[in-house]
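K.L.:
Next come the chains, spelled out residue by residue.
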Amino acid sequence: MSPLLKNITRFVLFILVQVFVLHQVRPLHQFVVPYLYFLYILWLPFNMKRGMLMAVSFLFGLTLDYFLKTPGLHAAPCVLIAYIRPFLVNQLISQEGAEQNYASPSVKSMGWAPYTTLVVITTLLHHCYLVFLEWMQFDNFWFFAGKVLGTSAVSLLLIFITELLFFRKEKFRTNTA
Amino acid sequence: MRNIFLFIRRFSNFLLFLVLQIIAITFLVRYNKSHEAAFMGVAGEVTGKINQRYTNVNNYFGLKETNDALVKENIHLRNLLKENYQSPDTTQRFVIDSIRVDSLLRIQKFKYYDAPVAGNFMSAQNNYITIHRGANQGVKKDWGVISAQGIVGRVVNVGPNFSVVMSALHRQFSVNAMLKKGGERGSVYWDGESPLFLYLKDIPKSAQVQKGDTVLTSTVSDIYPPGIMVGTIAEIINEKSSNFYKLKLKTATAFSNIQYVTVIEDLQKEERSQVEKEVKKN
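Going down the list, the sequences are from chains V and X. Heads up: the first sequence is residues 3 to 179, going by my numbering. Heads up: the second sequence is residues 319 to 600, going by my numbering.
Incorrect hints may have been included.
[Said to hold, decoys possible] Residues from chain V shown here face chain X by an in silico Cβ test under 7 angstroms; the list is partial:
| no. | residue |
| --- | --- |
| 1 | Phe22 |
| 2 | Pro29 |
| 3 | Ala77 |
| 4 | Val81 |
The hints are simulated quantities; they were obtained by calculation from the structure and are not laboratory data. We put the beta carbon where it would ideally sit given N, CA and C, even for glycine.
Just need the whole structure built from these sequences, with the hints factored in.
P.N.:
Structure (structure tokens):
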């Protein structure tokens, strides 16, 4: 499958899973909302221009927002993590030129530790900003702190499971081919 | 001039980031104020259709509960029929105390419409329900929405075939309610914690309250007819510093499995709001 088609399919699948599976789960606790959808942004290819990355993320977040009737609430954190992602990848990548040799960030292309760091930092940033936007409307600090922690923990668990279930076999690409 | 262009080129990513953030936050703020956002009408139609597909499948799993609720509502209505009341002696006279059905509909206040639920989310702080009835079928903004068991919410956004209902599980939702026993009025709100409980505040401490008492919509509510079930008292919170009780209510409606709702039109609303507006002007 071509990368473009693959990413379009992922776009649709991530939205559908988030809306019709994770958001249909009965609320466990007010601090816990299972979020997985933003993993899509982490899985986008390395070679996407930053402007493009942000535009796609904005569209992605806004699509989810139209389903959940919260226009802008998810789009803003999505754009934030899309903006931050290239910085983090540059800092964390260990192998020289891994961005050229592999298609997208994954355990295989970056290694366990850097990839985990990337996931943890993006998850925390995403939830902090998302809950902060909610918090602006209700002002209750414990709600903010508790929700960031609770939601991040569940998100990380979900991402871990997803990475194990859908292990992406990244091909090593060489310049010589 | 050249420097400006260089600056824009150099920081194009950061500028794009800022622009997108501003757009997103504008959407959010505007929606929280007026429940209107760009493309919401078109997007509502599309997401409504997709939601409808999902709900069609999902509804099969809740058929039994829906059926039970409808049977209970039917029994309740049947008990109100005048044929049920018959007196064996002649000391009591039977008087039909109800309105004549007037063909001009001059005194009818509330009119009911049915609507299937197309989408229902309840894990956020602000929850909305999408229903499959819109402007083409006569729905307007600010109509009340109830289910067979009790109140559900208020219509906030109307598309051609789908409408968005602000659920009672929404931080901005508020409705005037009263105790069934004493008639003391207070206002109902949701604190964002558990979708099973609502709160009723401003009930004076002189009121007789007990766990399990029924709370109904009051006669002054501007969107619901009086006497629609809101919930039952689950806990009485006695705040020592105030003269009012705060009551925790168990919701009458099971929000997680509503399949059909009733939309209520208040036919005399315009007159009422016009009169009230004139008073406020002075």
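K.L.:
All the hints need checking, so say for each whether the structure fits it.
P.N.:
Here is how each hint holds up against the structure:
1. Phe22: This interface hint holds because 5 angstroms falls under the 7 angstroms limit.
2. Pro29: Hint holds; Pro29/V Cβ to chain X Cβ min 5 angstroms, cut 7 angstroms.
3. Ala77: holds, 4 angstroms
4. Val81: Because about 5 angstroms separates Val81/V from the closest Cβ in chain X, which is inside the 7 angstroms limit, the hint holds.
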